[in-house]
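S.K.: Each protein sequence line maps, in turn, to chains A and B. If you count by this note's numbering, then the first sequence holds residues 29 to 227, one letter each, in order. If you count by this note's numbering, then the second sequence holds residues 29 to 227, one letter each, in order.
It cannot be assumed that every hint is accurate.
It does not matter which identical chain is meant; a pair holds if it fits inside one copy or across any two.
Subject to a maximum C-alpha distance of 30 Å in a straight line, what follows is the list of computed DSBU-like cross-link-like pairs (lysine-lysine) [unchecked claim]:
(1) Lys208 with Lys140
(2) Lys82 with Lys178
(3) Lys82 with Lys68
(4) Lys102 with Lys68
Because the hints were derived from the structure by calculation, they are not lab data.
Protein chains: 2
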Amino acid sequence: MGFSETHQAMTALNRMVLAALISHNIPTLEVQPSSCVVTKSGRIEVIETRPLEKLLEIGFVPVLYGDVVVDSEKGFAILSGDQLISSLAIRLAADRIIVGVDVDGLYSADPKTHPSAHLIHRITMPELKRLQHVIGEANVTDVTRGMLGKVLELMPAVEHGIHTTIVNAAKPNNVYKALKGQRVIGTTIEGGLVDAKSS
Amino acid sequence: MGFSETHQAMTALNRMVLAALISHNIPTLEVQPSSCVVTKSGRIEVIETRPLEKLLEIGFVPVLYGDVVVDSEKGFAILSGDQLISSLAIRLAADRIIVGVDVDGLYSADPKTHPSAHLIHRITMPELKRLQHVIGEANVTDVTRGMLGKVLELMPAVEHGIHTTIVNAAKPNNVYKALKGQRVIGTTIEGGLVDAKSS
Numbered sequence: 029m030g031f032s033e034t035h036q037a038m039t040a041l042n043r044m045v046l047a048a049l050i051s052h053n054i055p056t057l058e059v060q061p062s063s064c065v066v067t068k069s070g071r072i073e074v075i076e077t078r079p080l081e082k083l084l085e086i087g088f089v090p091v092l093y094g095d096v097v098v099d100s101e102k103g104f105a106i107l108s109g110d111q112l113i114s115s116l117a118i119r120l121a122a123d124r125i126i127v128g129v130d131v132d133g134l135y136s137a138d139p140k141t142h143p144s145a146h147l148i149h150r151i152t153m154p155e156l157k158r159l160q161h162v163i164g165e166a167n168v169t170d171v172t173r174g175m176l177g178k179v180l181e182l183m184p185a186v187e188h189g190i191h192t193t194i195v196n197a198a199k200p201n202n203v204y205k206a207l208k209g210q211r212v213i214g215t216t217i218e219g220g221l222v223d224a225k226s227s
Numbered sequence: 029m030g031f032s033e034t035h036q037a038m039t040a041l042n043r044m045v046l047a048a049l050i051s052h053n054i055p056t057l058e059v060q061p062s063s064c065v066v067t068k069s070g071r072i073e074v075i076e077t078r079p080l081e082k083l084l085e086i087g088f089v090p091v092l093y094g095d096v097v098v099d100s101e102k103g104f105a106i107l108s109g110d111q112l113i114s115s116l117a118i119r120l121a122a123d124r125i126i127v128g129v130d131v132d133g134l135y136s137a138d139p140k141t142h143p144s145a146h147l148i149h150r151i152t153m154p155e156l157k158r159l160q161h162v163i164g165e166a167n168v169t170d171v172t173r174g175m176l177g178k179v180l181e182l183m184p185a186v187e188h189g190i191h192t193t194i195v196n197a198a199k200p201n202n203v204y205k206a207l208k209g210q211r212v213i214g215t216t217i218e219g220g221l222v223d224a225k226s227s
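Required output: the full structure, derived from the provided sequences and hints.
M.R.: This is the structure:
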């Protein structure tokens with residue numbers, strides 16, 4: 029019953045996003061992860077992307093979201109939007125990923141509770157891995173308040189050379205500017221290739 | 029935009045069905061056709077059934093419905109619940125199909141406007157094909173008010189030997205009784221094998 033109820037709740041937010049897009053005349057369609065994904069211990073095992081690819085081909089803006097999905101080992105699992113982003117970006121050979129959040133990007137600590145926290149404008153893969161290790165060793169709650177987890181989930185896409193930026197979606201026009209390739213305050217995650225060039 | 033809006037409207041009815049099932053403690057999940065089906069000129073070309081199979085395996089009651097879907101030839105198409113029933117029953121090797129409608133079954137004419145119309149309790153495949161031919165030749169509106177179209181859409185499943193019955197879902201406990209294998213007034217469609225035996 030928890031699965032059914034959680035899924036229903038998750039679709040409620042998504043309907044608001046879809047309604048907003050439709051009200052701005054953007055042809056959109058939800059693509060429901062629970063209808064096309066099976067995970068294995070929480071990681072995507074099966075993902076049917078053909079309806080999604082067709083939607084993109086004919087000019088639609090498909091909307092996916094974190095969902096409860098069936099899991100071949102555990103019965104069901106929570107599939108995060110972050111894992112979806114990374115997986116789909118790789119499978120659909122995306123040029124870039126723009127992640128919209130409610131802060132300016134990845135901070136050294138939670139900016140909502142630590143005024144001294146500073147925004148990390150660029151972070152490389154080795155730096156990310158070091159940060160992950162430090163947090164893992166200390167066995168503490170993620171000081172970046174989940175943002176590091178989000179970034180780590182995007183690592184497979186970054187490793188595939190997909191340019192990835194985190195921006196503040198709560199600031200007007202930020203996502204639009206980022207989509208248009210304009211410079212926006214945020215965190216850019218540098219993959220192995222970029223890393224090698226810049227060092 | 030019509031695609032987006034139609035899909036949104038179609039999901040609204042489905043949410044009512046899901047909410048009703050959940051309120052009766054039935055673990056249910058919608059499986060959204062537009063997220064896992066691609067049609068070709070209106071006929072199912074791609075259908076991802078693995079999430080659906082997993083749901084059935086762990087005891088869920090998945091709910092699908094007629095939907096707008098992407099179509100590899102026409103851009104998009106209307107996929108009827110009837111085509112889904114037939115296709116899924118074959119793919120998932122169903123024992124039987126019970127179709128719930130708002131009349132007692134297939135009538136000789138529309139029972140809502142023709143009081144003399146009689147219910148067809150059993151119909152064989154050859155009889156169905158003859159009826160289809162007569163209506164096609166006459167080039168008239170389907171006198172059975174869409175019910176013949178529904179039955180014809182189920183023919184592939186019937187041809188696969190899947191026992192198919194149409195019952196009145198508006199009458200209390202009818203669907204329940206039919207699911208339990210009890211006798212319910214309705215129309216049974218007899219496949220080729222049954223036909224050969226009874227003749």
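S.K.: Looking at the structure, which of the earlier hints fail to hold?
M.R.: Structure breaks no hint.
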